[in-house]
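These protein sequences, in sequence, are chains X and H.
Just so we're aligned, residue 1 is where the first sequence starts under this note's numbering, counting upward by one.
Just so we're aligned, residue 1 is where the second sequence starts under this note's numbering, counting upward by one.
Simulated from the structure, these hints should not be mistaken for laboratory data.
Among the hints, erroneous ones may be present.
Each pair may be met inside one copy or between any two copies, as identical chains are not told apart.
Cross-link-like lysine-lysine pairs, in silico, PhoX-like; alpha carbons within 25 Å at most [said to hold, decoys possible]:
| # | residue 1 | residue 2 |
| --- | --- | --- |
| 1 | Lys316 | Lys360 |
| 2 | Lys87 | Lys236 |
| 3 | Lys347 | Lys71 |
| 4 | Lys80 | Lys238 |
| 5 | Lys359 | Lys347 |
| 6 | Lys355 | Lys316 |
| 7 | Lys27 | Lys316 |
| 8 | Lys347 | Lys27 |
| 9 | Lys360 | Lys27 |
| 10 | Lys229 | Lys87 |
| 11 | Lys316 | Lys354 |
| 12 | Lys229 | Lys80 |
| 13 | Lys262 | Lys229 |
| 14 | Lys354 | Lys122 |
| 15 | Lys354 | Lys27 |
| 16 | Lys332 | Lys360 |
2 protein chains.
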Amino acid sequence: MSGKKSFCVVIMAGGRGTRFWPLSREKRPKQFLPITSRRTMIEETVERLLPLVSYSSIYTISDGGQARLIKRLLPRLPEKNVLVEPKAKNTAASLILTTASVYLRNPRTVVAALCADHLISKRDVFLRKLEASAEAAAKEEVIITFGIPPTYPATGYGYIEISRHKVQNFRGERFYPVVRFKEKPGLKQAKEFASDGRHYWNSGMFIWRADVFGRKLERYAPEFFPYWKRILRGLKEKDDRILRAVFREIPATSIDYALMEKAEGVLMTRGDFGWSDVGSWSALAEIWTRDEANNALHGESLVIDSSSCLLYSPRKLTALIGLQDVIVVDTKDALLVCRRDQDQRVKDIIEALKKRNAKKYL
Amino acid sequence: MSGKKSFCVVIMAGGRGTRFWPLSREKRPKQFLPITSRRTMIEETVERLLPLVSYSSIYTISDGGQARLIKRLLPRLPEKNVLVEPKAKNTAASLILTTASVYLRNPRTVVAALCADHLISKRDVFLRKLEASAEAAAKEEVIITFGIPPTYPATGYGYIEISRHKVQNFRGERFYPVVRFKEKPGLKQAKEFASDGRHYWNSGMFIWRADVFGRKLERYAPEFFPYWKRILRGLKEKDDRILRAVFREIPATSIDYALMEKAEGVLMTRGDFGWSDVGSWSALAEIWTRDEANNALHGESLVIDSSSCLLYSPRKLTALIGLQDVIVVDTKDALLVCRRDQDQRVKDIIEALKKRNAKKYL
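The shape of chain X in the complex, shown without the other chains (with noise of 0.2 Å):
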C-alpha cells in the first residue's frame, strides 16, 4: 500500500445484540464482552489491525454511552477518533457521518467499515486481504466487499452473489464483480446457494475511498445523499444541530439496504479468515475450546456424564451432571440454563423483562 495516510478503518461499535443475555445487557453488548477471549470482542478488534494500521487511523463510531466504554477500554485510541452518532439509526447512518469526517480530512482515504463483534481467527489472512483490498478502492472506483465461504446452508446472513467473469487482481487477491446482494433466503434456497459457488454470505465489512461513498450514495442512492451533503456542512461549520436534524430525520436503513444492493462496481473478495458473527451462545460453544465430551467450559467447574455443554460461570465453582446440549449462563444478577438448540429464545426473556418492565436485568 502507499501509504498508511491514506488508509483507515471504521469499527461500528453501535450495535445492541441481546443474544447474549444475561452476559449481554442494554448497557454492554456483545462488542463490550470478553467471550471469544480473555479481551472484549472490540479490543480484539482493535488489536488484530495494529500490524497494517495505527491508532491514529482507527476510528470508531457509536452512541455516547458506548463511547465512554471504548475510551475506557482502548485507551491508546485517540479521543477523536471515538466518533459519536447523536442517535443510533443503523449502519447508513453511521457510515455516512464517519466517511464524511474523514472525506473532510482527505477526500482520497480508504475507509475500511467493519464489525465490532465479529470473530476473525486468521489475522494474517485478514490483513492481506484488507490491504489488496484497500489498494483496490485506492486506484479504482468501487466499493469492496469481503463475502464469506458458506459452510452450511446458512438462513440467517444475507448473501452475495458473483460473477466468475471479469475478476480482478490486486497484490495476488482475486476480486469478483458483485451481481446482487440477496435478502436472508428459506432453507431451499440457501442449499442451492451454499452449493452453487457463486454465492457468499453478507459479512456486513466494506471498503471504499470516501470521494467514492460519496459519488456512488449520489448515483444508487439519491434519498440518502442529500444527508451525506447535510452531514458535510454541519462537520465542516462543526454545528451539531445540523447532525442532530439529521439523524432525527434519516432512515433508520442498513447500509446494505441503503446502497450496496442497488450499487454498481461493488466488487467482492474472499473471506476465508476464519470469519464467525458469534451470533449465538451454541455459535459461542463451537469457537471455544472443547474437552474430550465437547463441552466448552469458562469457570470452574465439576463436570459428570455430560456433553456438548456450554458454561459461563466465572464467579463461582459450577458442576453439571448428567447432562447433554445444555448453556448455562451465570452472571452477578441473573442465570440462564438451556437447552443448546432453543438459544434463539433468549430474545423471549428479553421480552419478557420489558414487560415485566425489569429494567435492571435488560
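Starting from the known structure of chain X, arrange chain H on it as the hints suggest.
Same frame as chain X, but now just chain H:
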C-alpha cells in the same frame, strides 16, 4: 398423658448430609436449611412439637458447632437442653448420652428420639401418635417406633416387619409387635415388602422410658451397656474426661444396629402422618408447590418450555429454556445443574472436592 414433666423429646441434630450440595455444606447440613418452608427444618421440627411439648422438655444433641447454630435458630430453647456430644459417633452413642442425661433427672421420663431433618406434613396425626406412644412407653417395658407405610418399593430405607397378632391399643392407636428390623433390601424384596402389609419403613424415630432403655441395653446390647454406665457416672460426677473417653472408644453405630435389631419388646405404630426424610433434591421437588408444568421453583424465574424442573435460586433472576427434569441450585459460591434422575451423584461432586482439597466448597 399424665403430665409433661415425665415426657421429653430429643432431637437428633448431628447429621452431616451432603445430598443438598451446594446448599448444604459440612457446617450447614440439611436440618439447618430452609428447604421445606421459610424456616429451617430443625425449627420446623421444634415448632411442630409445641402444642404437646414445651421448650423446657425439648433437647437437642449435636456437635459443638451445630449447638451454636441451634442456639441462634432456637433462642427459646433452654441452653442446658442443647446437648453436645464430644465427638460424632452415630446415633447409638448420641442416644445413650442423651437418655442418660434424662435418666439422671428422672429415670421414669419418657424420651422420644426424633430426627431434626424429617418432614411431617400431618402435624395433628403426628402429635396424636406421639402422645399415645409416650403413654404406652410410660406404662410398659417397651420401646415404641414409628413405621412409615411404604408408598413405593424403596431400596434406600430399612424395613420393620410387624406381627398382626397381640396388637395393643393406647388412646385409640394400634401398636404392633415388631418381629424384626431389616436392612435395606434389594429391589425384588422391596417390592414384596411394599405390598405385603407387614412391612414398614424404619423412620429412625423411637420412644422409650429412660430406665427401660438402660435395661434394654443391658439385656440386648451388652457391649454398649458399659458405656451407658460410664456415661451415667461421668454426668453424675460432671467429669468431661469420662465422656470424652467413652466417645473415643464407643463404636460408631446406629441405635438400630446396636439395639433395635436385637431387642425384644419393641412395638410399632403406623407413621401415617405425611412423613418424608427429604433425601435428595428430587425428593424435595415432590414436596414443593409446583406450577402447571410440574416445575418446583424457588426464586425469581422466567420459565419457557420447561417441565418437571427444580429451581432453587433465591439470589438472582433465573431463566430456564427448553429443559425437562433438570435441577438447578444456585448459591453464593457454587452452582449445580443436574439431571433429575442423577441427583444421587452429588456425592461424587463431594468426593471430587475432597480430592481437590477444595474445602471452601465442602
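These are the hints, each one checked on the structure:
no.	hint	in the structure
1	Lys316 x Lys360	both (22 Å within a copy, 11 Å between copies)
2	Lys87 x Lys236	within (20 Å within a copy, 84 Å between copies)
3	Lys347 x Lys71	neither (29 Å within a copy, 48 Å between copies)
4	Lys80 x Lys238	within (14 Å within a copy, 82 Å between copies)
5	Lys359 x Lys347	within (15 Å within a copy, 39 Å between copies)
6	Lys355 x Lys316	between (30 Å within a copy, 18 Å between copies)
7	Lys27 x Lys316	both (24 Å within a copy, 19 Å between copies)
8	Lys347 x Lys27	within (16 Å within a copy, 41 Å between copies)
9	Lys360 x Lys27	within (11 Å within a copy, 34 Å between copies)
10	Lys229 x Lys87	within (18 Å within a copy, 86 Å between copies)
11	Lys316 x Lys354	between (28 Å within a copy, 17 Å between copies)
12	Lys229 x Lys80	within (22 Å within a copy, 88 Å between copies)
13	Lys262 x Lys229	within (20 Å within a copy, 100 Å between copies)
14	Lys354 x Lys122	neither (39 Å within a copy, 42 Å between copies)
15	Lys354 x Lys27	within (15 Å within a copy, 41 Å between copies)
16	Lys332 x Lys360	both (12 Å within a copy, 20 Å between copies)
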